[in-house]
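Build the complex: two chains, separate frames, hints provided.
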Amino acid sequence: KNQVEQSPQSLIILEGKNCTLQCNYTVSPFSNLRWYKQDTGRGPVSLTIMTFSENTKSNGRYTATLDADTKQSSLHITASQLSDSASYICVVSATSGAGSYQLTFGKGTKLSVIP
Amino acid sequence: DTAVSQTPKYLVTQMGNDKSIKCEQNLGHDTMYWYKQDSKKFLKIMFSYNNKELIINETVPNRFSPKSPDKAHLNLHINSLELGDSAVYFCASSRTGQAGYGYTFGSGTRLTVV
Numbered sequence: 001k002n003q004v005e006q007s008p009q010s011l012i013i014l015e016g017k018n019c020t021l022q023c024n025y026t027v028s029p030f031s032n033l034r035w036y037k038q039d040t041g042r043g044p045v046s047l048t049i050m051t052f053s054e055n056t057k058s059n060g061r062y063t064a065t066l067d068a069d070t071k072q073s074s075l076h077i078t079a080s081q082l083s084d085s086a087s088y089i090c091v092v093s094a095t096s097g098a099g100s101y102q103l104t105f106g107k108g109t110k111l112s113v114i115p
Numbered sequence: 001d002t003a004v005s006q007t008p009k010y011l012v013t014q015m016g017n018d019k020s021i022k023c024e025q026n027l028g029h030d031t032m033y034w035y036k037q038d039s040k041k042f043l044k045i046m047f048s049y050n051n052k053e054l055i056i057n058e059t060v061p062n063r064f065s066p067k068s069p070d071k072a073h074l075n076l077h078i079n080s081l082e083l084g085d086s087a088v089y090f091c092a093s094s095r096t097g098q099a100g101y102g103y104t105f106g107s108g109t110r111l112t113v114v
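Residue numbers (this note's numbering), protein chains in the order written: chain U, 1 to 115; chain Y, 1 to 114.
So that you can see chain Y by itself, here it is in the shape it has in the complex (with noise of 0.2 Å):
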């Protein structure tokens, strides 16, 4: 199947642990993205990277790092976890220069940090 894939669909972690989340994608998409869905379940980017730009949200803690092995795989790399990072985490990919057409997200990463 053609989809852009997360593991692991759940996570549950205690304070202070270092995480990942994987993310992988199979439509041949040039930019992936990463996300993060608070309980009021609004979509904020995070990250996009693709192999010529990393783009950072400044809102984002530097606790939070995208490493990406090659184009089709952008793992989002989480250090000191807090409470407050608990939260729905989606990856997403899109081809550049198509003004986001063809965007597709991932079915998300649960994390919940206790």
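Bound conformation, chain U alone (with noise of 0.2 Å):
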């Protein structure tokens, strides 16, 4: 069954510092890893999409990771700011055949940024 495990669940830091997010998944076989933002009320938005080869990949302050070996990936947020609060979701994409592919969430880390 393919999962993808997230933590911590909910995070609290003050803006300013750094902080990473895991994601561990059993998922096969794999096609993608991607990280979204989801502002509260918002719908999840991209930050990073990841393929087998790709070992890190930034967008701004955001950087993941994938160790596709272990199987986990990380989301490291630098400089934290007021708007990073959010929940932050991982979201595994295994290939199924002829062009399609199926997609699995994680359950999220809410990071809460204080000031």
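What the hints contain is simulated information worked out from the structure, not anything from laboratory work. Just so we're clear, the structure is a prediction, and the values are computed from it rather than from any experiment. From the three backbone atoms N, C-alpha and C, an ideal C-beta is built for every residue, glycine too. Mixed in with the good hints, there may be bad ones.
[To be verified] Calculated pairs, DSS-like style, for lysine-lysine (alpha carbon to alpha carbon, straight line, at most 25 Å):
id: 1; chain 1: Y; residue 1: K71; chain 2: Y; residue 2: K19
id: 2; chain 1: Y; residue 1: K44; chain 2: U; residue 2: K107
id: 3; chain 1: U; residue 1: K110; chain 2: Y; residue 2: K40
id: 4; chain 1: Y; residue 1: K41; chain 2: U; residue 2: K110
id: 5; chain 1: Y; residue 1: K19; chain 2: Y; residue 2: K44
id: 6; chain 1: U; residue 1: K1; chain 2: Y; residue 2: K41
id: 7; chain 1: U; residue 1: K1; chain 2: U; residue 2: K71
id: 8; chain 1: U; residue 1: K110; chain 2: Y; residue 2: K44
id: 9; chain 1: Y; residue 1: K36; chain 2: Y; residue 2: K22
id: 10; chain 1: Y; residue 1: K44; chain 2: Y; residue 2: K22
id: 11; chain 1: U; residue 1: K1; chain 2: Y; residue 2: K44
id: 12; chain 1: U; residue 1: K107; chain 2: Y; residue 2: K9
id: 13; chain 1: Y; residue 1: K44; chain 2: Y; residue 2: K67
id: 14; chain 1: U; residue 1: K71; chain 2: Y; residue 2: K41
id: 15; chain 1: Y; residue 1: K9; chain 2: U; residue 2: K110
id: 16; chain 1: U; residue 1: K71; chain 2: U; residue 2: K110
id: 17; chain 1: Y; residue 1: K44; chain 2: Y; residue 2: K9
id: 18; chain 1: Y; residue 1: K36; chain 2: U; residue 2: K1
id: 19; chain 1: Y; residue 1: K40; chain 2: U; residue 2: K1
id: 20; chain 1: U; residue 1: K107; chain 2: Y; residue 2: K41
id: 21; chain 1: Y; residue 1: K71; chain 2: Y; residue 2: K9
id: 22; chain 1: U; residue 1: K110; chain 2: Y; residue 2: K36
id: 23; chain 1: Y; residue 1: K67; chain 2: Y; residue 2: K19
id: 24; chain 1: Y; residue 1: K9; chain 2: Y; residue 2: K36
[To be verified] Label-pair distances were calculated between CB atoms; the ranges are:
id: 25; chain 1: Y; residue 1: D70; chain 2: U; residue 2: P8; range: 41 to 47 Å
id: 26; chain 1: U; residue 1: G16; chain 2: Y; residue 2: L83; range: 39 to 45 Å
id: 27; chain 1: U; residue 1: G16; chain 2: Y; residue 2: N79; range: 46 to 52 Å
id: 28; chain 1: Y; residue 1: M15; chain 2: U; residue 2: P29; range: 41 to 47 Å
id: 29; chain 1: Y; residue 1: G84; chain 2: U; residue 2: D69; range: 37 to 43 Å
id: 30; chain 1: U; residue 1: S96; chain 2: Y; residue 2: N17; range: 32 to 38 Å
id: 31; chain 1: U; residue 1: D69; chain 2: Y; residue 2: S65; range: 39 to 45 Å
id: 32; chain 1: U; residue 1: T26; chain 2: Y; residue 2: I55; range: 20 to 26 Å
id: 33; chain 1: Y; residue 1: V114; chain 2: U; residue 2: E54; range: 43 to 49 Å
id: 34; chain 1: Y; residue 1: H73; chain 2: U; residue 2: G41; range: 20 to 26 Å
[Stated by the list, open to error] What the simulated footprint calls covered on chain Y by chain U, stretch by stretch (three residues with Cβ under 8 Å from a Cβ of chain U suffice, anywhere in the stretch; the number is not a length):
id: 35; region: 37–44
id: 36; region: 106–114
Structure, rendered in structure tokens:
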């Protein structure tokens, strides 16, 4: 059964500090892994998407890493801002033949950045 | 603006009513989806639909039905609403065969059944 586990469930940090969110997955056959940011009352917005051969990808202050051997990914946020307060969702895509794929969602990490 | 747009953003209705949520995308995508996000913020897929195939999550009650008048629209119709249907419903779209690249969500519709 495909699963995506995220940790921690919630996190509170001071503005300006860095933090790292974790994602472990058991999804096969692996196609890609994405991190989404979901602001309160909004839909998820893609931050990064990585394929099997990519170890790291950055989007501004967000840096995602992927270890396909251990099936782990992390999202590192540098110099956090109040606007980073949101839920961060790890989503893993598995191919299912004929150009189709299946997404497995993690339950998200709720990040609160406080002044 | 290129986007996935849903209407209404908020919907409050009584038990037993029938309601529809509309979704439109102008991204040229050929597959659209409906997701339910419960109070624990967990996104669960309900339907995926392109012009060839409707895939239904077997856990979705048959009171829920997707209706697609064309490739750019996938509306969600709910019959005999129940209290447990209260959630945020997200529409999404993507292009088939690109392993989910360009997967885009709408802003959600918060449904409250009273």
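Here's how the hints hold up against the structure:
1. K71/Y / K19/Y: 21 Å, holds
2. K44/Y / K107/U: 10 Å, holds
3. K110/U / K40/Y: Holds - the C-alpha atoms of K40/Y and K110/U are around 11 Å apart, at most 25 Å.
4. K41/Y / K110/U: 10 Å, holds
5. K19/Y / K44/Y: 20 Å, holds
6. K1/U / K41/Y: 21 Å, holds
7. K1/U / K71/U: 15 Å, holds
8. K110/U / K44/Y: This hinted pair holds, its Cα atoms lying about 18 Å apart.
9. K36/Y / K22/Y: Answer holds: K36/Y to K22/Y is near 14 Å, not above 25 Å.
10. K44/Y / K22/Y: 18 Å, holds
11. K1/U / K44/Y: 15 Å, holds
12. K107/U / K9/Y: 23 Å, holds
13. K44/Y / K67/Y: 19 Å, holds
14. K71/U / K41/Y: The given pair, whose Cα atoms are some 23 Å apart, holds under the 25 Å limit.
15. K9/Y / K110/U: 22 Å, holds
16. K71/U / K110/U: 22 Å, holds
17. K44/Y / K9/Y: This hinted pair holds, its Cα atoms lying about 19 Å apart.
18. K36/Y / K1/U: Holds - the C-alpha atoms of K1/U and K36/Y are around 20 Å apart, at most 25 Å.
19. K40/Y / K1/U: 21 Å, holds
20. K107/U / K41/Y: 7 Å, holds
21. K71/Y / K9/Y: OK: K71/Y and K9/Y at ~22 Å, within 25 Å.
22. K110/U / K36/Y: Cα-Cα ~18 Å, so holds.
23. K67/Y / K19/Y: 13 Å, holds
24. K9/Y / K36/Y: Cα-Cα ~14 Å, so holds.
25. D70/Y / P8/U: 41 to 47 Å: With Cβ atoms ~43 Å apart, the hint holds.
26. G16/U / L83/Y: 39 to 45 Å: About 43 Å separates the Cβ atoms of G16/U and L83/Y, which means 39 to 45 Å holds.
27. G16/U / N79/Y: 46 to 52 Å: With a Cβ separation near 51 Å, G16/U and N79/Y satisfy 46 to 52 Å, so the hint holds.
28. M15/Y / P29/U: 41 to 47 Å: Distance hint for M15/Y, P29/U holds at roughly 43 Å.
29. G84/Y / D69/U: 37 to 43 Å: Holds, since G84/Y and D69/U (Cβ atoms, about 41 Å apart) stay within the stated range.
30. S96/U / N17/Y: 32 to 38 Å: 36 Å, holds
31. D69/U / S65/Y: 39 to 45 Å: Hint holds: Cβ distance 43 Å, inside 39 to 45 Å.
32. T26/U / I55/Y: 20 to 26 Å: Given a distance of about 22 Å, which is inside 20 to 26 Å, the answer is holds.
33. V114/Y / E54/U: 43 to 49 Å: Holds - the Cβ-Cβ distance for V114/Y and E54/U, about 47 Å, lies within 43 to 49 Å.
34. H73/Y / G41/U: 20 to 26 Å: 23 Å, holds
35. 37–44: holds (count 5)
36. 106–114: holds (count 4)
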